[in-house]
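**Student:** Given these sequences and hints, build the entire structure.
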Amino acid sequence: MKKIPLLILSLLILSCSSDYNYYPKVFEVLTIKNETNFELYFLKNNIYNEAIKIERAGGSMIEISGYEYDLWLSEAQFEDFLSDVIIFRVNDENDTVYIDPVYYRKKTNWTLHTESYHDWGEMKTNYNILNLNSSMFLTKE
Amino acid sequence: MNTHFTKLFVAIIYTVVALLNSSCTTSYYLPQTQNIVPFDEKNDLHISLNGSLFNEQLGAGISYAITDNIGVSSSFMRFNTSNYGNDDKFLKDYIITNEYILYKKWENKFYTALNTGYSYADFNVGNPYYKINMHRFSTQPSVSYFAYKGIGLGLSSRFSYLNYNVNMLQNSTYNDYDRLMFHNYFFTREISMRNWLVIEPAATLLIHTEFVNLDIQCSIIPDLLNKGANFVSPINFSMTWSFNIGKFLLFPHDKSGKLRWSL
Chain L
1 MKKIPLLILS
11 LLILSCSSDY
21 NYYPKVFEVL
31 TIKNETNFEL
41 YFLKNNIYNE
51 AIKIERAGGS
61 MIEISGYEYD
71 LWLSEAQFED
81 FLSDVIIFRV
91 NDENDTVYID
101 PVYYRKKTNW
111 TLHTESYHDW
121 GEMKTNYNIL
131 NLNSSMFLTK
141 E
Chain P
1 MNTHFTKLFV
11 AIIYTVVALL
21 NSSCTTSYYL
31 PQTQNIVPFD
41 EKNDLHISLN
51 GSLFNEQLGA
61 GISYAITDNI
71 GVSSSFMRFN
81 TSNYGNDDKF
91 LKDYIITNEY
101 ILYKKWENKF
111 YTALNTGYSY
121 ADFNVGNPYY
131 KINMHRFSTQ
141 PSVSYFAYKG
151 IGLGLSSRFS
161 YLNYNVNMLQ
171 NSTYNDYDRL
181 MFHNYFFTRE
191 ISMRNWLVIE
201 PAATLLIHTE
211 FVNLDIQCSI
221 IPDLLNKGAN
231 FVSPINFSMT
241 WSFNIGKFLL
251 FPHDKSGKLR
261 WSL
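If you're matching them up, the sequences are chains L and P in order. Everything in the first sequence is counted per the numbering used here, starting at 1 for the first residue and increasing by one. Everything in the second sequence is counted per the numbering used here, starting at 1 for the first residue and increasing by one.
Careful: at least some of the hints might be erroneous.
Heads up, simulated DSBU-like pairs for lysine-lysine below, C-alpha to C-alpha not over 30 Å straight-line [unchecked claim]:
{"#": "1", "chain 1": "P", "residue 1": "K258", "chain 2": "L", "residue 2": "K124"}
{"#": "2", "chain 1": "P", "residue 1": "K258", "chain 2": "P", "residue 2": "K109"}
{"#": "3", "chain 1": "L", "residue 1": "K25", "chain 2": "P", "residue 2": "K105"}
{"#": "4", "chain 1": "P", "residue 1": "K258", "chain 2": "P", "residue 2": "K42"}
Simulated from the structure, these hints should not be mistaken for laboratory data.
**Tutor:** What follows is the structure, given as structure tokens:
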């Protein structure tokens, strides 16, 4: 009878340490840093999203969620995510100038930084960073 | 009052130790219990159980003294260091060790031994992403001194050569990026890069009777001696209980023909 509290404590500790097939997914975060002198805009699937407006100084973070992947986003999935993205600037004359997609649709042009940390379980984040500069604009004929 | 305080103290210690030892990060090696002061004499046959709250270890072993200076030992231990996967499985991580032991009992108080062995370990058995196994070749000198009756202190150090095989089960669908991510995710870069020499000093409190032994051991893998080996759990406390069925049942008479025990 007197050992019941110790038994409950043991069961509690054992139950806390048990996770069934625990494999945390990696958070994929895309950060675009605008190093041009222009304000840049980001469209995905032709939809303008205020939340992912690219800031001139610090960059803009896009967190991929709701996109089906196993543990981490594969290179093909990453490029698929960016396949319908366009990044552009709007000139004073309402003329649109695009960043050449070659620079941002290839995974290899993004630098990767992975972090693991603990916050009630292990979390992993892939920080994918892209620097955009003026030389990446498509020049007009 | 004192009894209640003692119970509370034990409960707190139990909780703290268990929480401290619930593994937070993935590791692929831990300072496993070292077998020291293995035998008194020829025909000693020990069966042993060992365990630890550190990484949920539970093991069993058997050792036999072929002569007064040579013995063999075999042991099995399950543990949990490889993070992720199904923690509920009994055989999540395991290691099997076989050792050849040279030992000498100098007087009743002083023992030396040299264990040389091979071990095989498997990590996160049955997971869908990888097969990781480890081959370990080790040698372990030890000295022990019994200062008071059956109570003594043993010092030992295991020198191990570790060879890991990391087999990505989905390798055929992986490209270079996926392989990079695999190593980042499962912390396998170090173990897949090269073989490792690991040094594990240990100190053991020995409480021995004629038939039953209790060993409480602390072993560590110090950073200073094992630079870059970040895939290891650095410390282990373990308790080993062994029973000499050789002396008790199979060979109950000593060298003078006298029965070692009576009812």
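**Student:** Hints first: check each against the structure and report whether it holds.
**Tutor:** Evaluation of the provided hints:
1. In summary, the hint linking P/K258 to L/K124 is not supported, as the alpha carbons are separated by about 66 Å, beyond the 30 Å threshold.
2. Taking the CA atoms of P/K258 and P/K109, the gap is about 22 Å. The hint holds against a cut of 30 Å.
3. For the suggested pair L/K25 and P/K105, the alpha carbons sit about 56 Å apart, so the restraint of at most 30 Å is broken.
4. Straight-line distance between C-alpha atoms of P/K258 and P/K42 comes to about 16 Å, which keeps the hinted pair within the 30 Å bound.
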